[in-house]
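Novice: Sequence:
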Amino acid sequence: MPHPAATADPLIAAVKAGVEIYDLARTLRIGMPQSPNHPPYWHALPRRHGDMVRSDGGSAANDMISMGTHVGTHIDALAHVSQDGRLADGTDAREASVGGRFDRLGAHTIEPMVRPGVLLDVATALGSPQGLDGGYEITPANLEFTAEVQGTSIEAGDVVLIRSGWGRHFDDHATYVGIETGVPGVSEDGAVWLADHRPHAVGADTIAFERLKPGAGHGLLPAHRVLLVERGIYIIETMVLDDLAAAGVHRFTFVLSPLKLYGATGSPVRPLAVVSRG
151 MPHPAATADP LIAAVKAGVE IYDLARTLRI GMPQSPNHPP YWHALPRRHG
201 DMVRSDGGSA ANDMISMGTH VGTHIDALAH VSQDGRLADG TDAREASVGG
251 RFDRLGAHTI EPMVRPGVLL DVATALGSPQ GLDGGYEITP ANLEFTAEVQ
301 GTSIEAGDVV LIRSGWGRHF DDHATYVGIE TGVPGVSEDG AVWLADHRPH
351 AVGADTIAFE RLKPGAGHGL LPAHRVLLVE RGIYIIETMV LDDLAAAGVH
401 RFTFVLSPLK LYGATGSPVR PLAVVSRG
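With the working numbering, the residue at position 161 of the sequence shown is 311, and numbering never jumps.
These are calculated hints, taken from the structure and not from any lab test. Given the structure is predicted, the values throughout are model-derived calculations rather than measurements. Just so it is clear, CB atoms sit at the ideal spot from N, CA and C, and this is done for glycine as well. There could be a bad hint or two in this list.
As the list claims (entries may be wrong) - Derived DEER-like restraints, expressed as beta-carbon distance ranges: (1) Phe295 to Pro266: 40 to 50 Å; (2) Ser407 to His199: 42 to 52 Å; (3) His193 to Glu298: 37 to 47 Å; (4) Arg179 to Asp393: 27 to 37 Å; (5) Ala158 to Val248: 47 to 57 Å.
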């Protein structure tokens, strides 16, 4: 029998044949739009070139960052949301946080993802490829119509990404956050529709995944309850989906690996959509 190391892996052959990679993450930078509920991103250089010069003339710079784990493109761990004092596995939410970390449902428990991915380009399907209006509620009918128009099915274990087109406002902090304008997103019923298809995770190009009503702020997030607490489905937010939509890519291999932040309620991520170049 051939040695296992000598056996060609079909995945390697596919990569060698050529793949196209779509970067679905936002660049982390000071002042970027973020939920007012989380600590902002900050980056500094404690050591700059020339601060310490070695005898051979070389020097090194280094960095320090601080940020909330739900800032920029990120994934919500199941510990992020509770309902009536309980987490997704039924444990007492307050007791689970004793010690300052979530041992059971923290970000360190999110396994790396290499899964089938689906883009539901709702904005384009509804005749507004440039993007939906602030506060638009994406209903089950909208999601079903988008899947039909695209000819896209959703299978158990997929990662399903929802494009509203709101990413066009990312450089406008106030609009993207949407306190006054609202933000388009999936309704509570839409979250149930998605959950019934049993995805492993869902994501969107908006700051909170779900619809935010104009003037309502970020206080009520029923889709988070449905997905994280009731169904155990991860949520990825603040994604870049316009390039994927412009290329007409609705099915792809989705790759994501959270940082193994022990006990954290979320993690920054750099998700990728990978398709064969052929």
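Novice: To test your reading of the hints: which numbers does this structure violate?
Specialist: Those not satisfied are hints 1, 2, 4.
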